[in-house]
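Colleague: Sequence:
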Amino acid sequence: MLNSVSNMRSVVQLPSAEAALATEMPAEHLAKKQAFANSCGAASLLCVAKELGIEKIPVLVGSMSEQVCCDTLELDFRCESDIYTITSGNDTQRKHCGNLMNAGYSMPDGIVTAGRLLGLEMKVVEIPNIFSKALSWFYPDAKSRLSGIGCAVENGSKELEAGQARIEAMAVTLVGLPVGLHWVVQRSDGSYMDPATGKNHKVFSELNAGAKQAGHGVLGYCQTGISIIVSKAL
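The opening position of the sequence shown corresponds to residue 283 in our numbering, with each subsequent residue numbered one higher.
I should point out that these hints are in silico values taken from the structure, not numbers from a laboratory.
Quick caveat, the model's predicted, so the values are computed rather than measured.
Treat the hints with care, as some may be off.
Calculated pairs, EDC-like style, for lysine to aspartate or glutamate (alpha carbon to alpha carbon, straight line, at most 20 Å) [as the list claims (entries may be wrong)]:
| no. | residue 1 | residue 2 |
| --- | --- | --- |
| 1 | K425 | E443 |
| 2 | K332 | D471 |
| 3 | K481 | E310 |
| 4 | K514 | E348 |
| 5 | K514 | E443 |
| 6 | K514 | E337 |
| 7 | K514 | E333 |
| 8 | K440 | D423 |
| 9 | K405 | D358 |
| 10 | K338 | E403 |
| 11 | K405 | D423 |
| 12 | K425 | E436 |
| 13 | K405 | E441 |
| 14 | K481 | D358 |
| 15 | K338 | E356 |
| 16 | K514 | E488 |
| 17 | K332 | D358 |
| 18 | K481 | E356 |
| 19 | K481 | D471 |
| 20 | K440 | D471 |
| 21 | K405 | D471 |
| 22 | K405 | E356 |
Make a model of the complete structure from these sequences and hints.
Modeller: Below, the structure written as structure tokens:
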């Protein structure tokens, strides 16, 4: 949750709260609290990959998985660290820093790259609005970097199907003002996983309530209209 943005409010239609609350949270829904201040995108991707049945993580040179000679995908510090190294761009010479505690947050192209390495199909979608325009102003090269890896942004709302999940960009409101971005997981049943708290929530209103209860002055999340739809590659 992490870089400054402004003038954001919710624009995406949400599923009926009553319908979602009528069912219990499925046992297969996983959750993980992010290990680093900015690793919400990596923690979200890790949970989605596990829920979609991914069992292995690529063992890249210099990764923690290489150091411990392990390639199983687990909800642990090792796998989140290795994924975060990619999603934050910390694996590149341009952005590399020696300590992941100082790494930046995950841009869409980094999440797409890490997801593909895990064997997932990644699709970035945008509902054009004032928030997505604000993000384009703050990060003008984001779309060109996605196009450069063969993942052009698609416009319009995309309903999730069974076997899909959404890694969604939220605007964080602090003391009533939008102050940062945060990635969360949304599933096809309308439920959410928030890596800031490491908890699952049945509906968006419950997600917001959880953010408020966590403290730190956070008043909740607003949907930006930007998300990454994830499914297992065939």
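Colleague: Of the numbered hints stated earlier in the document, which are not met by this structure?
Modeller: 1, 4, 8, 9, 16 and 22
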